[in-house]
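Novice: Now for the letters of each chain:
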Amino acid sequence: MSDFAVQTTDITRIYGNETVPVYALRGVSLDVEVGEFVSIVGPSGSGKSTLLHVIGGLERPTEGEITVGDTILGECSDSELTDVRLYKMGFVFQAYNLIPVLSAVENVEFILQLQGVGKKERRERAQEALSAFGLEDLFNRRPGEMSGGQQQRVAIARAVVSNPAVLLADEPSANLDSETTKEFCEYLQHANEERGVTILTATHDPLVMGYTKRHINLVDGQIAA
Amino acid sequence: MNDSAQSASGSLFVPVAWRNLWRNRRRTLLTVAAIAFGMLIVQLVMSIQSGSYGPMIALGTRMGSGHIQILHKSFHDEPRIEHLISNVNERLSELDESTELDFVSARAEAFALVSNDPHSTAALVSGVIPERERLLSDVPTKVVEGTYLTGDNQAFIGAVLARNLQLDVGGEIVILGTNAEGGIGAAVAEVSGIFEATTELERAMIQISLNTFQEAFDMPDQAHRIVALVDDPMSMDDGTEVLRGFLETDEIVMDWTELMPEISQGIEIDIVSNAILQAVLILIVVLSIMNTFVMTLFERTREYGVLFAIGMKRTSVYRMTLVEVVLLWMVGIVCGGLLTCLLAVPLMFTGIVIPASEEALESQFTFMPSAIYPDFSWWVVFTAPVVIGVGALISVSLVAIRLARLNITEALRSE
Chain A
0 MSDFAVQTTD
10 ITRIYGNETV
20 PVYALRGVSL
30 DVEVGEFVSI
40 VGPSGSGKST
50 LLHVIGGLER
60 PTEGEITVGD
70 TILGECSDSE
80 LTDVRLYKMG
90 FVFQAYNLIP
100 VLSAVENVEF
110 ILQLQGVGKK
120 ERRERAQEAL
130 SAFGLEDLFN
140 RRPGEMSGGQ
150 QQRVAIARAV
160 VSNPAVLLAD
170 EPSANLDSET
180 TKEFCEYLQH
190 ANEERGVTIL
200 TATHDPLVMG
210 YTKRHINLVD
220 GQIAA
Chain B
0 MNDSAQSASG
10 SLFVPVAWRN
20 LWRNRRRTLL
30 TVAAIAFGML
40 IVQLVMSIQS
50 GSYGPMIALG
60 TRMGSGHIQI
70 LHKSFHDEPR
80 IEHLISNVNE
90 RLSELDESTE
100 LDFVSARAEA
110 FALVSNDPHS
120 TAALVSGVIP
130 ERERLLSDVP
140 TKVVEGTYLT
150 GDNQAFIGAV
160 LARNLQLDVG
170 GEIVILGTNA
180 EGGIGAAVAE
190 VSGIFEATTE
200 LERAMIQISL
210 NTFQEAFDMP
220 DQAHRIVALV
230 DDPMSMDDGT
240 EVLRGFLETD
250 EIVMDWTELM
260 PEISQGIEID
270 IVSNAILQAV
280 LILIVVLSIM
290 NTFVMTLFER
300 TREYGVLFAI
310 GMKRTSVYRM
320 TLVEVVLLWM
330 VGIVCGGLLT
340 CLLAVPLMFT
350 GIVIPASEEA
360 LESQFTFMPS
370 AIYPDFSWWV
380 VFTAPVVIGV
390 GALISVSLVA
400 IRLARLNITE
410 ALRSE
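Chains A and B, in that order, give the protein sequences. Be aware that the first sequence starts at 0, since it is given in numbering that gives the first Met the number 0, and climbs by one per residue. Be aware that the second sequence starts at 0, since it is given in numbering that gives the first Met the number 0, and climbs by one per residue.
Hints may contain errors.
[Said to hold, decoys possible] In silico EDC-like pairs for lysine to aspartate or glutamate, Cα to Cα no more than 16 Å straight-line:
#, chain 1, residue 1, chain 2, residue 2
1, A, K212, A, E79
2, B, K141, B, E195
3, A, K212, A, E58
4, B, K312, A, D77
5, A, K181, A, E170
6, B, K72, B, D249
7, B, K312, A, E120
8, B, K141, B, E199
9, B, K312, A, E58
[What the hints assert, rightly or not] According to the in silico footprint, chain A covers these stretches of chain B (three or more CB under 8 Å from chain A):
#, segment
10, 13-26
11, 306-318
12, 398-411
Hints in this document: simulated from the structure, not taken from any laboratory. Yeah, the Cβ is synthetic: ideal placement off N, Cα and C, and Gly gets one too.
Go ahead and model the full structure; you've got the sequences and the hints to work with.
Specialist: So, in structure tokens, the structure goes:
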């Protein structure tokens with residue numbers, strides 16, 4: 000078992016075509032140890048989201064290698080990559096991205112149901128996860144009936160309920176005010192410390208950075224010194 | 000980590016798909032309405048079609064041809080008196096035993112001069128077996144004066160012919176023609192009854208008994224046709240086969256589609272033209288369903304991106320979309336079924352009256368019934384829902400191809 004939750008080696012991601020290549024990432028190599036809470040920081044367009052996307056298996060790098068736990072993503076088929084996302088990753092997005100027709104508890108259960116967890120167990124685990132993030136009174140609320148902060152907490156509960164190896168959060172505080180961001184970060188910290196979830200968050204919010212134990216500075220697709 | 004877990008999560012798809020369906024209530028209701036009304040119209044048209052062909056065929060065949068006939072191989076094209084078939088009585092007795100045939104009879108026909116001095120005219124003289132003809136043909140029921148034939152040396156004549164010859168019931172009519180040997184064939188018969196049918200028949204048709212005909216035209220135990228009715232005129236193979244077993248030299252078997260091609264061709268044209276109408280209607284319904292799901296795909300692109308991102312397989316997303324289609328289709332056909340039950344099924348009992356038809360029937364030889372009773376057979380009930388369902392699945396599969404090609408990160412960035 001590797002000590003690293005995530006390792007990337009010389010990751011390059013090029014958009015566009017051969018005549019006009021656009022480099023989103025240029026030879027990014029980083030190691031994230033199990034249980035770390037890391038922020039990837041940098042200005043807009045620096046490649047933060049792209050780095051999270053390739054680590055999360057949402058897109059493939061043009062060059063380089065990514066390892067999540069013991070899984071080398073480059074060796075996975077699309078279907079295996081989907082399984083990696085389902086079983087090893089948790090995602091928190093900037094726009095919450097909950098399923099609007101499902102209640103809070105159903106949103107959290109959804110992941111477990113995709114994993115084939117039985118009805119009783121998944122309901123218990125979903126409720127437990129929501130309660131851990133202070134949402135015990137909102138089990139049956141749909142996303143449209145919750146505030147942004149509440150939705151983002153449901154998103155964390157959804158991301159951690161299956162005990163993923165890595166939680167990837169892409170600008171999670173972008174739509175939150177400072178008070179809610181602080182509260183949200185405390186829940187992220189809770190997930191990291193209490194559940195041992197490794198967290199990588201892309202952010203340019205100093206408040207979020209304050210909660211992370213390590214910052215990786217990305218400038219023009221490269222890690223800055 | 001395998002597909003089976005997500006397959007097992009199929010039960011989740013139903014509530015999610017159902018709720019997704021009602022996210023845009025107005026659009027879903029419009030699509031449901033398109034399915035329901037499309038289904039109603041297709042079922043109504045098909046049931047009217049199905050309900051009209053039987054009476055059309057019955058009207059046509061019971062006014063003359065029957066469903067299947069044995070006749071001399073040349074008689075259909077050259078209806079000359081010498082194109083005879085023989086051993087009629089023996090064959091009728093044996094055919095009576097067949098379970099494949101409902102009724103059989105024999106007929107002889109000749110064009111002859113009919114007169115009531117000093118009036119005379121040409122007419123088609125038909126020799127029939129009265130007791131069998133009553134079961135085989137509608138002509139005996141068209142009597143307006145007197146009675147149908149009850150024995151030999153009687154004549155049953157059309158109303159126009161009776162007027163032209165100034166004949167009443169009880170009057171004598173002289174029949175003069177050429178027999179099979181080229182000699183003179185003659186008979187005198189008493190008018191037992193006068194009928195009204197179509198102008199064509201009323202003006203030029205006279206029925207006498209087959210015995211009288213055979214004596215007059217010197218053709219013992221001979222006739223021109225052995226005529227049979229079967230249970231289902233659309234399925235005559237067994238009956239035809241039975242008659243083939245009784246063929247003698249130079250004889251053939253013909254069914255009503257060959258004897259009265261105007262009816263079968265009319266039905267074929269009607270089937271084709273209505274099939275085009277129904278296909279267009281179903282295409283509109285299917286395009287409406289497709290439009291709903293294309294719009295859904297555009298509106299929910301980010302959501303699909305999220306589903307892929309959190310680990311839902313593309314096949315599972317496709318299955319969930321299919322569940323949505325199936326639910327939409329089910330709601331549509333339930334509503335369509337209710338509409339059909341409320342608006343169309345009662346017509347099975349009340350019928351759709353065609354006012355012009357009775358007049359047309361009186362003035363010309365027409366095979367259109369005066370009222371049509373829609374027939375909701377199984378194929379009428381199930382064709383439209385099944386075709387709409389299959390069309391919807393195919394169209395949504397086309398949408399699913401786009402879904403399969405969706406780039407996750409682009410989808411996540413979409414508004």
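Novice: Now tell me, hint by hint, if it's right for this structure.
Specialist: So, going through the hints one by one against the coordinates:
{"no.": "1", "hint": "A/K212 <-> A/E79", "in the structure": "31 Å, violated"}
{"no.": "2", "hint": "B/K141 <-> B/E195", "in the structure": "6 Å, holds"}
{"no.": "3", "hint": "A/K212 <-> A/E58", "in the structure": "27 Å, violated"}
{"no.": "4", "hint": "B/K312 <-> A/D77", "in the structure": "9 Å, holds"}
{"no.": "5", "hint": "A/K181 <-> A/E170", "in the structure": "14 Å, holds"}
{"no.": "6", "hint": "B/K72 <-> B/D249", "in the structure": "6 Å, holds"}
{"no.": "7", "hint": "B/K312 <-> A/E120", "in the structure": "22 Å, violated"}
{"no.": "8", "hint": "B/K141 <-> B/E199", "in the structure": "14 Å, holds"}
{"no.": "9", "hint": "B/K312 <-> A/E58", "in the structure": "15 Å, holds"}
{"no.": "10", "hint": "13-26", "in the structure": "holds (count 4)"}
{"no.": "11", "hint": "306-318", "in the structure": "holds (count 9)"}
{"no.": "12", "hint": "398-411", "in the structure": "holds (count 4)"}
When each numbered hint is compared with the structure, violations occur for hints 1, 3 and 7.
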